[in-house]
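Trainee: Okay, here's what each chain looks like letter by letter:
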Amino acid sequence: MRALRILLEKEFKQVFRDPAILRIIFMMPIVQLLVMPLAADYEVKNIKLCVVDFDRSSYSQKLVNKITATKYFRSVDYTDSYEKALTYVEKDEADLVLQIPSSFEKQLVKEDRATVFMALNAINGVKANLGGAYLRTIIGDFNEEVRLEWLQLPRLSPQPTIQVSAINWFNPLMNYQVFMVPGILVILVTMVGAFLSALNIVKEKEIGTIEQINVTPIRKYQFILGKLIPFWVLGLIILTIGLIISWAVYGIVPAGNVFTIYIFAAVYLLAVLGMGLLVSTFANTQQQAMLLSFFLMMIFILLGGLYTSIDSMPGWAQTFTKFNPVSYFIEVMRMVVLKGSGLYDIRNHLFIVFAFAVVLNSFAVWNYRKRS
Amino acid sequence: MNSAVKVNNVYKSFKKGKTEVKALQEISFEVNKGELFGLIGPDGAGKTTLFRILTTLMLANKGEAWVDGFEVVSQYKEIRKRVGYMPGRFSLYQDLTVEENLSFFATLFNTSLQENYDLIKSIYQQIEPFKKRRAGALSGGMKQKLALSCALIHRPTVLFLDEPTTGVDAVSRKEFWELLHQLQAHGITIIVSTPYMDEASLCDRVALMQESRIMEINSPKGITENFKKPLWSVRSADMYKLMLDLRSGDVVDTCYPFGQYHHVVFKKDPHTVEEAKQAIATISAKDLEVQRIPATIEDCFMELMRK
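Residue numbers (our numbering), protein chains in the order written: chain W, 1 to 372; chain D, 1 to 307.
No lab work stands behind these hints: they were computed from the structure.
Take these hints with a grain of salt, some might be off.
Unchecked claim - Which stretches of chain W does chain D cover? Using the computed rule of at least three CB atoms under 8 angstroms from a CB of chain D, they are: (1) 198 to 212; (2) 215 to 224.
Said to hold, decoys possible - Calculated lysine to any residue pairs in the SDA-like style (CA-CA distance at most 20 angstroms, straight line): (3) W:K13 / D:D95; (4) W:K205 / D:E216; (5) D:K143 / W:Q14; (6) D:K143 / D:S122; (7) W:K203 / D:G136; (8) W:K203 / D:D95; (9) D:K307 / D:E216; (10) D:K121 / D:R133; (11) W:K62 / W:E149; (12) D:K131 / W:K205; (13) W:K220 / W:K62; (14) W:K205 / D:S122; (15) D:K81 / W:T209; (16) W:K203 / D:K307; (17) D:K81 / W:Q14; (18) W:K220 / D:K81; (19) D:K131 / D:L96; (20) W:K205 / D:D95; (21) W:K203 / W:Q32; (22) D:K77 / W:N214; (23) D:K221 / D:E35; (24) W:K220 / D:Q75; (25) W:K322 / W:F295.
As the list claims (entries may be wrong) - Short derived list, chain D residues pointing at chain W, Cβ under 10 angstroms: (26) T19; (27) L57; (28) L92; (29) Y93; (30) F105; (31) S139.
Remember, predicted model here, so these are calculated numbers, not experimental data.
Where is the CB? At the ideal position from N, CA and C, for every residue including glycine.
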């Protein structure tokens with residue numbers, strides 16, 4: 001016990017004496033939580049639109065006005081040459097070209113129907129998709145308005161129509177921050193848990209202190225506990241800071257019990273610490289550990305359901321996310337913060353992550369040898 | 001059991017890609033209790049590997065070894081309790097203070113600074129004024145004293161010092177060897193490796209190592225006495241030309257540069273200085289100086305390497 005205590009004491013002393021590490025540990029969550037949720041927004045705004053109007057009629061004017069009046073579109077140019085519009089697209093000055101044919105108004109009035117042409121710059125797929133969809137909706141609205149203007153709609157629609165009205169449960173305003181902040185918090189806790197611990201152990205290897213430790217009679221489990229406990233504590237501190245920031249800055253108060261989050265985090269940290277330990281047993285230099293961590297982190301973030309929904313991934317990727325501990329914590333965070341889930345609701349997640357902890361730690365301990 | 005360390009036919013190799021690099025071959029020796037034993041050899045001779053095997057940090061491929069009567073593989077736990085190891089590279093915590101480093105290692109060995117203060121007193125007193133300073137901020141000589149204190153904190157029976165004097169100035173080196181002799185008086189067996197031949201004479205016995213093998217084990221005196229050929233030192237104004245000339249002629253057997261002199265063994269031994277001068281008279285050298293000298297360890301090392 002005395003040996004473990006001095007190991008812990010040493011570890012904390014070292015962390016608090018390294019101003020760079022300390023700054024990273026405490027500044028990273030603050031900066032990331034302040035900046036990332038604001039930037040990581042799925043809503044596409046400021047789509048650059050170029051209108052090619054061959055008609056120049058009052059209806060085409062109306063349509064264009066209606067489109068540019070929204071915050072989604074910003075008009076780049078109003079021209080009558082499709083070639084000119086295309087050069088805007090080529091220079092990446094326009095994302096969308098809307099072409100209104102010369103007989104637009106005439107057709108609309110006479111034949112009760114008209115066609116417009118839309119060209120999308122698909123280099124940024126998300127922007128093209130969403131921009132196209134927005135534009136279609138606006139044109140649809142416009143259509144409705146024109147019809148209303150022309151004829152009093154009959155009280156009963158001649159054709160049966162289904163109108164859809166939707167309600168967004170748990171996040172009624174579809175606020176992306178409520179959705180993103182807990183996810184980003186998970187990433188931060190993971191980074192501290194898995195990668196700082198890995199780097200820390202590899203650093204001992206690199207500067208040779210691990211040799212000095214290895215010739216002492218301390219046990220393997222003492223050394224490993226001495227490494228795991230400090231980062232377990234740091235991980236929970238980061239979580240606390242993060243929760244405070246999300247409350248103070250974004251006004252996010254978990255709908256569920258905060259302790260549910262902590263209980264899950266405590267188990268989750270064991271799993272990611274095991275992973276960090278595993279990385280450290282494979283890497284011999286901090287550079288190797290760094291690159292390995294970076295590689296893992298990319299996978300965890302991109303396949304963790306933070307930015308893209310797991311449900312829309314292909315089958316193989318969905319299977320893969322089952323082995324990604326990050327995805328479980330992100331899900332649990334969202335369940336507890338948004339939905340107010342309790343321990344009973346997350347029991348499966350808890351169990352799986354606990355299994356991760358057991359497997360990863362056993363593998364790491366088995367792979368960590370005092371001698372080669 | 002009388003020997004503090006016993007090594008029997010130890011073999012170790014490392015795999016580098018497809019080729020196998022032999023680090024130790026047929027290593028056998030014994031170190032008596034209380035002895036100051038030197039492993040002398042150039043870089044890459046296998047000294048560190050041997051230390052790592054004896055301190056239970058590495059497993060040998062073949063052979064067996066005992067430290068303080070305990071077998072290095074099966075009884076490594078016992079060995080770890082009673083050996084001190086000071087690696088060649090300074091490997092204490094640079095961000096902990098002198099005092100913290102010491103008490104950290106003392107605790108890991110389940111002892112305290114006070115308990116064994118008498119042993120490290122003479123060393124620790126020199127660094128005590130800086131005990132609140134971080135180890136990283138110490139000078140080279142101080143770091144080394146701290147490392148030695150840490151290696152001694154649990155009163156080991158056998159102390160392994162891997163190149164403790166490499167990169168240390170001449171005065172500190174001398175001091176360091178005096179310290180080792182003091183420790184020997186406490187009954188600690190010391191095994192020290194060094195690439196410096198001149199330090200060999202400070203050991204009780206030395207093993208000369210070269211390319212993964214031990215060439216000879218003897219007392220420093222025994223080793224130099226084994227050098228049977230008469231040795232001469234030669235110098236002139238142009239030393240490099242002199243060496244080339246001596247080596248190209250057929251009068252001289254070997255000629256090695258040793259600082260300001262060349263150490264020369266003649267094929268046919270001249271009995272006097274005059275004869276020696278005559279033997280190399282064909283060489284036109286200014287200010288020629290010839291002297292009969294006793295062999296040093298380094299001469300013996302060079303001779304052994306030729307075999």
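Trainee: Indicate, hint by hint, whether the structure satisfies it.
Mentor: Hints and how they fare:
1. Here's how the segment 198 to 212 of chain W fares: 5 of its residues keep a CB closer than 8 angstroms to some CB of chain D, so the rule of at least three is met and the hint holds.
2. Restraint check on the segment 215 to 224 of chain W versus chain D: 4 residues with Cβ-Cβ distances below 8 angstroms, three needed, restraint holds.
3. The suggested pairing of W:K13 with D:D95 holds, with an alpha-carbon distance near 9 angstroms, which does not exceed 20 angstroms.
4. Under the criterion of a C-alpha separation no larger than 20 angstroms, the hint pairing W:K205 with D:E216 is inconsistent with the structure, at around 35 angstroms.
5. A threshold of 20 angstroms between alpha carbons decides the hint, and for D:K143 with W:Q14 the separation of about 19 angstroms falls inside it, so the pair holds.
6. Pair hint D:K143 plus D:S122 holds up; C-alpha atoms about 15 angstroms apart against a cutoff of 20 angstroms.
7. Of the supplied pair hints, the one linking W:K203 and D:G136 holds, its CA atoms being roughly 15 angstroms apart against a limit of 20 angstroms.
8. A C-alpha spacing of about 13 angstroms is found between W:K203 and D:D95, which places the hinted pair at or below 20 angstroms, so the restraint holds.
9. A hinted pair counts as satisfied when its Cα atoms are at most 20 angstroms apart, and D:K307 with D:E216 qualifies at roughly 12 angstroms.
10. Taking the CA atoms of D:K121 and D:R133, the gap is about 18 angstroms. The hint holds against a cut of 20 angstroms.
11. Taking the CA atoms of W:K62 and W:E149, the gap is about 13 angstroms. The hint holds against a cut of 20 angstroms.
12. Distance restraint check for D:K131 and W:K205: the Cα-Cα separation of roughly 25 angstroms exceeds the 20 angstroms cut-off, and the hinted pair is therefore not satisfied.
13. Distance check on the hinted pair: W:K220 and W:K62 sit about 76 angstroms apart at the alpha-carbon level, beyond 20 angstroms; violated.
14. Simply put, W:K205 and D:S122 have alpha-carbon atoms about 31 angstroms apart, too far for the 20 angstroms limit, and the pair is violated.
15. Under the criterion of a C-alpha separation no larger than 20 angstroms, the hint pairing D:K81 with W:T209 is consistent with the structure, at around 17 angstroms.
16. Taken as a hint, the W:K203 and D:K307 pair is broken in the structure, with Cα atoms around 44 angstroms apart against an allowance of 20 angstroms.
17. Restraint check: the Cα-Cα separation between D:K81 and W:Q14 comes to about 26 angstroms, which exceeds 20 angstroms; the hinted pair is violated.
18. Using a Cα cut-off of 20 angstroms, the hinted pair W:K220 and D:K81 holds, with the two alpha carbons roughly 15 angstroms apart.
19. With a C-alpha separation of about 10 angstroms, the suggested pairing of D:K131 with D:L96 holds against the 20 angstroms cut-off.
20. Proximity of W:K205 to D:D95 is assessed by CA-CA distance (about 15 angstroms); at most 20 angstroms being required, the pair is judged to hold.
21. Simply put, W:K203 and W:Q32 have alpha-carbon atoms about 26 angstroms apart, too far for the 20 angstroms limit, and the pair is violated.
22. Our distance criterion of 20 angstroms between C-alpha atoms is met by D:K77 and W:N214, whose separation comes to about 11 angstroms.
23. Straight-line distance between C-alpha atoms of D:K221 and D:E35 comes to about 15 angstroms, which keeps the hinted pair within the 20 angstroms bound.
24. With a C-alpha separation of about 16 angstroms, the suggested pair W:K220 and D:Q75 falls inside the 20 angstroms cut-off, and the hint holds.
25. Annotation: proposed proximity of W:K322 to W:F295 holds, straight-line Cα distance about 18 angstroms (limit 20 angstroms).
26. Interface restraint check: D:T19 against chain W, minimum CB-CB distance 18 angstroms, threshold 10 angstroms, status violated.
27. For D:L57, the suggested interface contact is upheld, since its CB lies about 5 angstroms from the closest CB of chain W, less than 10 angstroms.
28. Nearest Cβ of chain W to the Cβ of D:L92: about 7 angstroms, under the 10 angstroms cut. The hint holds.
29. Checking D:Y93 against chain W: minimum C-beta separation of about 6 angstroms stays under 10 angstroms; hint holds.
30. Satisfaction of the interface hint for D:F105 is found here, the shortest Cβ-Cβ separation to chain W being roughly 7 angstroms, below the 10 angstroms cut-off.
31. Interface restraint check for D:S139: the shortest CB-CB distance to chain W comes to about 18 angstroms, outside 10 angstroms, so the restraint is violated.
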